[in-house]
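A.B. asks: Chains as they are written, first to last, in numbering that gives the first Met the number 0: chain A, 0 to 251; chain B, 0 to 366.
Take these hints with a grain of salt, some might be off.
No more than 25 Å apart at the CA atoms, straight line, and that leaves these computed lysine-lysine pairs for BS3-like [what the hints assert, rightly or not]:
1. Lys193/B / Lys117/B
2. Lys196/A / Lys94/A
3. Lys231/B / Lys117/B
4. Lys116/A / Lys58/A
5. Lys231/B / Lys130/A
6. Lys116/A / Lys231/B
7. Lys77/A / Lys27/A
8. Lys94/A / Lys112/A
9. Lys231/B / Lys112/A
Hints listed in this document are in silico derivations from the structure and should not be mistaken for laboratory results.
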Amino acid sequence: MIGRKTTDALLYLDGVTVSFDGFRALNKLALLIAPGEMRAIVGPNGAGKTTMMDVITGKTRPDEGDVLFDGGEFDLTKLDEAAIAELGIGRKFQKPTVFESHTVEDNLRLALKAPRKVLPTLTARRNAEEKARIDELLATVKLDAQRRTPAGGLSHGQKQWLEIGMLLAQDPALLLVDEPVAGMTDAETFETAELLKRINRTHSVVVVEHDMAFVRELGVKVTVLHEGSVLAEGTIDQVSADERVVEVYLGR
Amino acid sequence: MIVQRLAGRLGLSERIFVAVVVALCVLVPLANLVFPPGSPFHVSNASVVLYGKWMTYALLALSLDLVWGYCGILSLGHGAFFALGGYAMGMYLMRSIGTRGVYGNAILPDFMVFLNWKELPYAWYFFDWFGYAMLMVMFVPGLLAFVLGWFAFRSRVTGVYLSIITQAVTFALQLSFFRNDMGFGGNNGLTDFKDLLGFPVQAQSTRAVLFALSALALLGGFAIAKAIVSSKLGLVLIAIRDAETRTRFLGYRVERFKLFVFVVSAVMAGIAGALYVPQVGIINPSEFSPANSIEAVIWVAVGGRGTLTGAALGAVLVNASKTWLTAALPTLWLFVLGALFILVTLFLPKGIVGTLGAWFADRRGKP
Ligand SMILES: Nc1ncnc2c1ncn2[C@@H]1O[C@H](COP(=O)(O)OP(=O)(O)OP(=O)(O)O)[C@@H](O)[C@H]1O
Ligand SMILES: [Mg+2]
Chain A
0 MIGRKTTDAL LYLDGVTVSF DGFRALNKLA LLIAPGEMRA IVGPNGAGKT
50 TMMDVITGKT RPDEGDVLFD GGEFDLTKLD EAAIAELGIG RKFQKPTVFE
100 SHTVEDNLRL ALKAPRKVLP TLTARRNAEE KARIDELLAT VKLDAQRRTP
150 AGGLSHGQKQ WLEIGMLLAQ DPALLLVDEP VAGMTDAETF ETAELLKRIN
200 RTHSVVVVEH DMAFVRELGV KVTVLHEGSV LAEGTIDQVS ADERVVEVYL
250 GR
Chain B
0 MIVQRLAGRL GLSERIFVAV VVALCVLVPL ANLVFPPGSP FHVSNASVVL
50 YGKWMTYALL ALSLDLVWGY CGILSLGHGA FFALGGYAMG MYLMRSIGTR
100 GVYGNAILPD FMVFLNWKEL PYAWYFFDWF GYAMLMVMFV PGLLAFVLGW
150 FAFRSRVTGV YLSIITQAVT FALQLSFFRN DMGFGGNNGL TDFKDLLGFP
200 VQAQSTRAVL FALSALALLG GFAIAKAIVS SKLGLVLIAI RDAETRTRFL
250 GYRVERFKLF VFVVSAVMAG IAGALYVPQV GIINPSEFSP ANSIEAVIWV
300 AVGGRGTLTG AALGAVLVNA SKTWLTAALP TLWLFVLGAL FILVTLFLPK
350 GIVGTLGAWF ADRRGKP
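Bound-form chain A, shown alone:
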């Protein structure tokens, strides 16, 4: 498997099944993300969106199915979280998780692309290049003023942005973003959509979100998940016209 390009897709999921005590959170899920693509994933609560991200990032092992990265080059089901992160898959959690007692700056510093082994970390020195990257990131996520604030003191929306900033700091090939606008005002939601679009110019992105206005704003291909598999795929207008999708959303 390693070293052979078997697909054009950056991320390739096929027949992925995950059961928790007999309950199928993912059921023969198939999903292809092309290099450079941004994809929105929607679906009712419990559809399996977060579980899908858990599988991609190595947190959960699928019972069966293929999870391949970089044109089939890497089998993600065989790697652990740290290895997958190093391959270039970054993740923002559904519940914003930043390092609360570290300053905003230190959060970014930890996320910056750099050797992750013990000894290089022990001897790492601050340098101008690193500082420039952090300045740039702070500007991108609009947290310049909070540079030395402990992340625990940020508002909910700011934490979401900091976490996106940390994702960018890792400079991953693929960003997985779980519900980035939960708890944000309309203005913040709009800005986040703009930010993700900008990020998508240089990165592939998978966004999970409930907020339909936000998904519409992104203007990308949408995949609807339901009970662990793909129910529909297409533009936002196509999927929202799909009867089964309407039923899943309204029938609950």
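Chain A is fixed; fit chain B with the ligands onto it per the hints.
C.D. replies: What follows is chain B with the ligands alone, placed relative to chain A:
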């Protein structure tokens, strides 16, 4: 240069700490050796030993704070690392007794002759050589920490479960060291030491030097711990403490960082134990007692975890009260210790140094 870099990063409480320990390191031996008994400046021999013991406890507390305060690993087995370092030193001291033992055997320590053993157990080989013994002081606790950490951290054992494992290990060690056939003196442990590198351990000057060495070891331990926690690795440790999963998804191999800091800390605790033994003149299995490890946790909690200096301060304060109270009201000590822990947890969750630090930061924050 490293010293300069470090010194530049020290906060107020850390500068005070370094100044006080340096002063003690010079003044206590001076007051003991230069001023005659009866002089108001004289420090008695018994006090030198007592203070020396506190210095080693402070180093033990510091090592515990490094893993608990900064990486969230609540070890209830640090007493075991301390005791292992102590035993390694004790073995050297036993072997350097030579023919001066009761039975006059040049090779075998007295307790082995008493048990009718004919040959020195392998574990005791080379312990007559000081350099080897000092290596073992660090290697044995380090190895135990490595093996324990390797299995526990890889299988992602955290929180209470990890604490229980460390506690179980120290208890198991206590039980095995109680056994005569383990070859470490059983119940009685190792004692009746004569000299260390040729200096009689009971002599006033040796004790003064041991005190000074303990104070220096405390400073050295502080410098190493401070260098670690103020590096980028220190940021990773705190990140692990606060959000372990997040740290993993950033690409850090959490188990390796934990293992690193756990081993460093165990080695530090071992050195503390090695300095403790020649000063108190004995090491026996009671040093492995689970209660000892728990007491060390209380020292750190009282002084303030995640502060380094607080851990050292807590060790000294709690032990000073213990000395005073066990003389005044011997039966009460354990209750006082328990009450202290509960009170600190409820009212001073950041400990003494942590609370003072927050208070100063607050005052500076206000116009
Ligand atoms: N570790 C687990 N153990 C047991 N069940 C789980 C576990 N993780 C997820 N589930 C279940 O799997 C299903 C899918 O959960 P998942 O979190 O993936 O949904 P989701 O689409 O992200 O929903 P939401 O929109 O609420 O975030 C849910 O029914 C959930 O209860
Ligand atoms: Mg979810």
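A.B. asks: If a hint holds in the structure, say so; if it does not, say that too.
C.D. replies: Hint check:
1. Lys193/B / Lys117/B: holds (23 Å)
2. Lys196/A / Lys94/A: OK: Lys196/A and Lys94/A at ~22 Å, within 25 Å.
3. Lys231/B / Lys117/B: violated (54 Å)
4. Lys116/A / Lys58/A: holds (20 Å)
5. Lys231/B / Lys130/A: Distance of about 14 Å is within 25 Å: holds.
6. Lys116/A / Lys231/B: Roughly 11 Å between the alpha carbons, so the hint for Lys116/A and Lys231/B holds.
7. Lys77/A / Lys27/A: holds (19 Å)
8. Lys94/A / Lys112/A: holds (23 Å)
9. Lys231/B / Lys112/A: The given pair, whose Cα atoms are some 13 Å apart, holds under the 25 Å limit.
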